[in-house]
Amino acid sequence: MLEVRNVSKSFGGVKAIQDVSLTAKKGDIIGIIGPNGAGKTTLFNVISGIYTADKGSVILDGKDITKMEQYMITREGIGRTFQNIRLFRGLTVLENVMCAFDPLSRYSIIDGLLPTPRRLAEEKRGREICEHYLEVVGMLKYKNERPENLPYGLQRKLEIARALTCQPKVLLLDEPAAGLNPTEVMELTELISRLCEEIGFAILLIEHRLELVMGISHKIHVLNFGKPIAEGTPEEIKENPDVIKAYLGEEEAKC
Amino acid sequence: MQFYISILTFTLISVIAVTGIYVLTGLTGMFSLGQAAFMAIGAYVSGFLVVKAGVPFVLAAIIAVVISVIVGYIVGLPTVRLRRDYISLVTLGFGEAITALLNQTQSITGGALGFSGIPKITTLPLALISAIVCIVLVSYLKNSKYGRQCIAARSDELAAKAMGINVPRIKMTAFLIAVAVTSYAGVLYAFFTTYVDPGIFGWKKSAEWVIMVFFGGVNSLTGSIFGTIILTALPEVLRFAADYRTVFYAVLVLLIINFKPTGLFGEYELSVGNLLRRLSGKKEERSNA
Numbered sequence: 001m002l003e004v005r006n007v008s009k010s011f012g013g014v015k016a017i018q019d020v021s022l023t024a025k026k027g028d029i030i031g032i033i034g035p036n037g038a039g040k041t042t043l044f045n046v047i048s049g050i051y052t053a054d055k056g057s058v059i060l061d062g063k064d065i066t067k068m069e070q071y072m073i074t075r076e077g078i079g080r081t082f083q084n085i086r087l088f089r090g091l092t093v094l095e096n097v098m099c100a101f102d103p104l105s106r107y108s109i110i111d112g113l114l115p116t117p118r119r120l121a122e123e124k125r126g127r128e129i130c131e132h133y134l135e136v137v138g139m140l141k142y143k144n145e146r147p148e149n150l151p152y153g154l155q156r157k158l159e160i161a162r163a164l165t166c167q168p169k170v171l172l173l174d175e176p177a178a179g180l181n182p183t184e185v186m187e188l189t190e191l192i193s194r195l196c197e198e199i200g201f202a203i204l205l206i207e208h209r210l211e212l213v214m215g216i217s218h219k220i221h222v223l224n225f226g227k228p229i230a231e232g233t234p235e236e237i238k239e240n241p242d243v244i245k246a247y248l249g250e251e252e253a254k255c
Numbered sequence: 001m002q003f004y005i006s007i008l009t010f011t012l013i014s015v016i017a018v019t020g021i022y023v024l025t026g027l028t029g030m031f032s033l034g035q036a037a038f039m040a041i042g043a044y045v046s047g048f049l050v051v052k053a054g055v056p057f058v059l060a061a062i063i064a065v066v067i068s069v070i071v072g073y074i075v076g077l078p079t080v081r082l083r084r085d086y087i088s089l090v091t092l093g094f095g096e097a098i099t100a101l102l103n104q105t106q107s108i109t110g111g112a113l114g115f116s117g118i119p120k121i122t123t124l125p126l127a128l129i130s131a132i133v134c135i136v137l138v139s140y141l142k143n144s145k146y147g148r149q150c151i152a153a154r155s156d157e158l159a160a161k162a163m164g165i166n167v168p169r170i171k172m173t174a175f176l177i178a179v180a181v182t183s184y185a186g187v188l189y190a191f192f193t194t195y196v197d198p199g200i201f202g203w204k205k206s207a208e209w210v211i212m213v214f215f216g217g218v219n220s221l222t223g224s225i226f227g228t229i230i231l232t233a234l235p236e237v238l239r240f241a242a243d244y245r246t247v248f249y250a251v252l253v254l255l256i257i258n259f260k261p262t263g264l265f266g267e268y269e270l271s272v273g274n275l276l277r278r279l280s281g282k283k284e285e286r287s288n289a
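Residue numbers (the numbering used here), protein chains in the order written: chain F, 1 to 255; chain P, 1 to 289.
In case anyone wonders, no lab produced these hints; they're calculated from the structure.
Some clues are possibly wrong.
Partial pick of chain P residues on the chain F-facing surface, computed with a CB cut under 10 Å [as the list claims (entries may be wrong)]:
| id | residue |
| --- | --- |
| 1 | 137 |
| 2 | 141 |
| 3 | 144 |
| 4 | 148 |
| 5 | 153 |
| 6 | 156 |
| 7 | 177 |
| 8 | 260 |
| 9 | 261 |
| 10 | 264 |
| 11 | 267 |
| 12 | 268 |
| 13 | 270 |
| 14 | 275 |
| 15 | 278 |
Per label pair, the in silico range of CB-to-CB distance [claimed, not checked]:
| id | chain 1 | residue 1 | chain 2 | residue 2 | range |
| --- | --- | --- | --- | --- | --- |
| 16 | F | 114 | P | 112 | 48 to 58 Å |
| 17 | F | 55 | P | 112 | 34 to 44 Å |
| 18 | F | 149 | P | 84 | 22 to 32 Å |
| 19 | P | 74 | F | 85 | 34 to 44 Å |
| 20 | F | 85 | P | 6 | 46 to 56 Å |
| 21 | P | 111 | F | 146 | 18 to 28 Å |
| 22 | P | 236 | F | 84 | 41 to 51 Å |
| 23 | F | 61 | P | 85 | 34 to 44 Å |
| 24 | P | 271 | F | 210 | 35 to 45 Å |
| 25 | F | 191 | P | 7 | 51 to 61 Å |
Calculated from the model, a selection of chain P residues having no Cβ within reach of chain F, i.e. all distances over 12 Å [what the hints assert, rightly or not]:
| id | residue |
| --- | --- |
| 26 | 2 |
| 27 | 26 |
| 28 | 53 |
| 29 | 160 |
| 30 | 176 |
Owing to the predicted nature of the structure, the values given are computational and were not obtained by experimental measurement.
Glycine included, every Cβ here is placed at the ideal spot set by N, Cα and C.
All chains should be built: construct the whole structure from the sequences, respecting the hints.
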């Protein structure tokens with residue numbers, strides 16, 4: 001279970017996020033919404049260790065991961081995707097996914113220089129796991145392609161497959177539907193809810209497409225200017241006057 | 001004949017050094033302008049051990065490589081956490097410091113006059129076998145998890161960390177492999193020329209290796225090796241036109257960088273499998289047409 005307790009982060013004088021708290025249990029899909037610049041991605045960056053929180057703490061399964069190194073946080077069980085796709089150029093689709101498995105595979109540098117039986121066994125195990133996750137997102141047939149040659153929607157799916165291979169307890173999806181067409185958004189929505197049921201981890205979801213977030217989230221947190229302004233079920237959020245104000249402006253702005 | 005054997009041996013020694021540079025620059029994207037200093041450490045330490053202490057060659061070679069790796073670890077410790085451009089600066093400074101040190105410690109190293117009297121042990125077969133072994137090991141490394149993690153770290157450091165890759169550590173691994181290989185090339189060099197002086201291990205040598213890797217194809221091991229063979233052997237063969245050698249070299253490099261920025265080979269690896277695939281692919285295309 002992930003617990004974010006009163007986390008704040010500033011950059012110089014800019015308070016990117018202030019006093020944000022949330023909890024996510026196994027099987028939860030938690031939506032995080034808010035206008036541009038509300039601090040949603042910063043929150044993800046704090047949880048996944050790209051930034052260290054100034055105040056507050058991030059607890060995963062009872063363990064304080066606030067000040068850990070980024071790669072250790074991933075190994076503890078936080079997987080993520082990026083808003084601007086960040087796949088590895090120079091590697092194939094399968095190799096991209098393998099990179100997420102590599103920190104978990106057990107062979108030494110000697111095995112790295114020679115084709116020892118241990119290396120071959122570990123590589124085979126890794127390949128099977130990675131092919132499984134590519135299959136899960138429906139991308140197995142592209143495994144030998146170069147990711148930069150694939151359409152946008154597939155690159156997004158590949159990012160998800162790569163994050164899954166880290167075997168996360170909590171998966172952070174940063175705008176997974178950005179730039180997708182309506183059909184792809186539907187497929188993605190279906191994929192996210194299926195993953196959550198089958199693999200049974202918690203998902204935190206940043207998304208601007210409200211129909212997606214409202215459709216699958218169990219709970220939604222709304223941020224505005226770095227501050228939490230509301231939390232609740234999708235129905236509660238839709239009715240919340242503060243949220244409507246943040247998105248649409250004050251009453252008198254209406255004509 | 002002797003002349004050509006000598007060129008061939010020099011070329012093979014360069015090939016060995018460049019396989020190290022390939023791991024560092026090609027796979028991991030780190031530019032070292034002080035890599036030749038590790039060649040110097042390999043050359044001087046092994047030469048010194050054999051000449052002054054009477055240590056057998058093989059043992060001296062091993063000790064020299066181990067010492068280089070230890071020095072490399074100390075240099076690498078603060079360096080691998082830096083941004084790429086700073087890595088070049090730190091290694092450049094380190095390399096020049098080593099050359100200066102060799103020049104200053106005249107009583108031990110012979111200073112600028114050089115260190116001579118090293119027995120001639122390196123032969124063409126030894127250089128050839130060493131080169132083949134290095135190439136095979138590095139090509140296995142490229143396809144292992146270490147190779148993949150190096151490429152991932154080169155391509156996107158932040159994303160690599162987010163996948164659980166310990167980026168400073170993988171950079172250190174790549175650096176130390178490069179150091180070990182380069183210093184071994186230094187050992188072979190010292191026992192081939194029987195004489196070393198600090199001048200040959202300056203930053204120009206390091207830069208030359210980086211150029212060779214880029215010329216042949218920074219993403220291809222066989223490309224890097226091919227580039228090295230051309231750029232090492234060509235100036236020697238063109239000796240009759242000594243005055244225009246550098247011009248020719250410069251033009252060749254400029255042409256490649258301008259018209260094929262990924263190098264001669266790009267990402268293509270020369271191997272029997274790839275060759276066959278290419279041939280059969282051509283046939284399929286033809287039959288389709």
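Hints versus structure:
{"no.": "1", "hint": "137", "verdict": "5 Å, holds"}
{"no.": "2", "hint": "141", "verdict": "5 Å, holds"}
{"no.": "3", "hint": "144", "verdict": "4 Å, holds"}
{"no.": "4", "hint": "148", "verdict": "5 Å, holds"}
{"no.": "5", "hint": "153", "verdict": "9 Å, holds"}
{"no.": "6", "hint": "156", "verdict": "5 Å, holds"}
{"no.": "7", "hint": "177", "verdict": "8 Å, holds"}
{"no.": "8", "hint": "260", "verdict": "17 Å, violated"}
{"no.": "9", "hint": "261", "verdict": "14 Å, violated"}
{"no.": "10", "hint": "264", "verdict": "17 Å, violated"}
{"no.": "11", "hint": "267", "verdict": "7 Å, holds"}
{"no.": "12", "hint": "268", "verdict": "13 Å, violated"}
{"no.": "13", "hint": "270", "verdict": "18 Å, violated"}
{"no.": "14", "hint": "275", "verdict": "18 Å, violated"}
{"no.": "15", "hint": "278", "verdict": "16 Å, violated"}
{"no.": "16", "hint": "F:114 with P:112: 48 to 58 Å", "verdict": "42 Å, violated"}
{"no.": "17", "hint": "F:55 with P:112: 34 to 44 Å", "verdict": "60 Å, violated"}
{"no.": "18", "hint": "F:149 with P:84: 22 to 32 Å", "verdict": "26 Å, holds"}
{"no.": "19", "hint": "P:74 with F:85: 34 to 44 Å", "verdict": "38 Å, holds"}
{"no.": "20", "hint": "F:85 with P:6: 46 to 56 Å", "verdict": "52 Å, holds"}
{"no.": "21", "hint": "P:111 with F:146: 18 to 28 Å", "verdict": "53 Å, violated"}
{"no.": "22", "hint": "P:236 with F:84: 41 to 51 Å", "verdict": "49 Å, holds"}
{"no.": "23", "hint": "F:61 with P:85: 34 to 44 Å", "verdict": "40 Å, holds"}
{"no.": "24", "hint": "P:271 with F:210: 35 to 45 Å", "verdict": "52 Å, violated"}
{"no.": "25", "hint": "F:191 with P:7: 51 to 61 Å", "verdict": "60 Å, holds"}
{"no.": "26", "hint": "2", "verdict": "35 Å, holds"}
{"no.": "27", "hint": "26", "verdict": "10 Å, violated"}
{"no.": "28", "hint": "53", "verdict": "30 Å, holds"}
{"no.": "29", "hint": "160", "verdict": "7 Å, violated"}
{"no.": "30", "hint": "176", "verdict": "9 Å, violated"}
Violated hints for the displayed structure, listed by number in ascending order: 8, 9, 10, 12, 13, 14, 15, 16, 17, 21, 24, 27, 29 and 30.
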